[in-house]
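Student: Residue numbers (this note's numbering), protein chains in the order written: chain G, 1 to 131; chain C, 1001 to 1123.
The set of hints was computed from the structure by calculation and includes no laboratory data.
Computed from a predicted structure; not experimentally measured.
A few of these clues could be false.
[Stated by the list, open to error] Residues from chain G that face chain C, not an exhaustive set, calculated with beta carbons under 8 Å:
1) Val-37
2) Leu-40
3) Thr-42
4) Pro-54
5) Tyr-57
6) Ile-61
7) Gln-62
8) Ser-63
9) Asp-104
[Unchecked claim] Using C-beta positions, here's what the derived DEER-type ranges look like:
10) G:Ser-63 with C:Ala-1081: 30 to 36 Å
11) C:His-1032 with G:Gly-14: 37 to 43 Å
12) C:Gly-1120 with G:Gly-99: 42 to 48 Å
13) G:Gly-115 with C:Ser-1088: 37 to 43 Å
[As the list claims (entries may be wrong)] Some, not all, of what chain G presents toward chain C, calculated at C-beta under 8 Å:
14) Leu-47
15) Val-112
16) Gly-115
17) Ala-116
18) Phe-125
Glycine included, every Cβ here is placed at the ideal spot set by N, Cα and C.
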Amino acid sequence: MSQSYDRGLVEDFGRWREFTAGMWAWIFHKFTGWVLVGYLFTHIAVLSTALQSPDAYTTTIQSLESLLVVRILEVGLLAVAVFHILNGLRLLFVDLGVGLESQDKSFYASLVLTGAIVVASVPTFLAGVFG
Amino acid sequence: MAERYSSFKVGGRRWLWQRITAAFLVAVLAFHFFLLHFVNHADEVTFGMSQGRMQELTYFSLMILFLLTATFHGVNGVYNALVNQGLSGTQETAVKAVLGVASIVLIVQGVRTALAWAGGVPI
């Protein structure tokens, strides 16, 4: 039988100072999941301008990409997506019985790796927006 | 033993499909970001470039599968998160119906857009 312990309700956000790594991982995974599914609908809506005309699509995308705020939001989207991917891999491995004992360390590794990938991607994501 | 704690119902297949689509999406989402932000740059997007990619059957079918799996994974994730928060009864049925309709609209709109780029199924 698998081992488990009563770590209290993760939904009781008032006791967030007592949260363990696994509980933070759960919260971050839910939060990034909500952002990604919201973005999926927005993404398809924006891409749908291709149904109007080729020019409408090209103009829409290029206008959006010329805005600094859109580029910054894209960096945020990258952070959210990379964390969800890395923590998702962590969950898949734990489900396969690999790494349950070090699930807190793999959560911290997901955070650090997400930070590193996002910081390294900033120049590419902001290229050309300043001039 | 502490009480069972999961976002999924006992004996359901949703848990398994969430994992199967996750494994696929990990690879394809990473590929999607890499191709459209690092190989090609987002500010250089034109209809013609998107059309060029979509007219390749391999890319077209990968993107359709991406749309289907991402929609399932996202909407199933939302549904299970809400059930996990205590959604049940009539509210659960209503949410399930709304999410089902939203998924269909998203998939239809996504496929229509893909077909507009490719000018039909690229066979």
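Student: Evaluate each hint against the coordinates.
Tutor: Hints, one by one, checked against the model:
| no. | hint | result |
| --- | --- | --- |
| 1 | Val-37 | holds (3 Å) |
| 2 | Leu-40 | holds (5 Å) |
| 3 | Thr-42 | violated (11 Å) |
| 4 | Pro-54 | holds (4 Å) |
| 5 | Tyr-57 | holds (5 Å) |
| 6 | Ile-61 | holds (5 Å) |
| 7 | Gln-62 | holds (7 Å) |
| 8 | Ser-63 | violated (10 Å) |
| 9 | Asp-104 | violated (17 Å) |
| 10 | G:Ser-63 with C:Ala-1081: 30 to 36 Å | holds (34 Å) |
| 11 | C:His-1032 with G:Gly-14: 37 to 43 Å | holds (38 Å) |
| 12 | C:Gly-1120 with G:Gly-99: 42 to 48 Å | holds (46 Å) |
| 13 | G:Gly-115 with C:Ser-1088: 37 to 43 Å | holds (39 Å) |
| 14 | Leu-47 | holds (5 Å) |
| 15 | Val-112 | violated (18 Å) |
| 16 | Gly-115 | violated (16 Å) |
| 17 | Ala-116 | violated (15 Å) |
| 18 | Phe-125 | holds (7 Å) |
Checked against the numbered hints above, the structure breaks hints 3, 8, 9, 15, 16, 17 and satisfies the rest.
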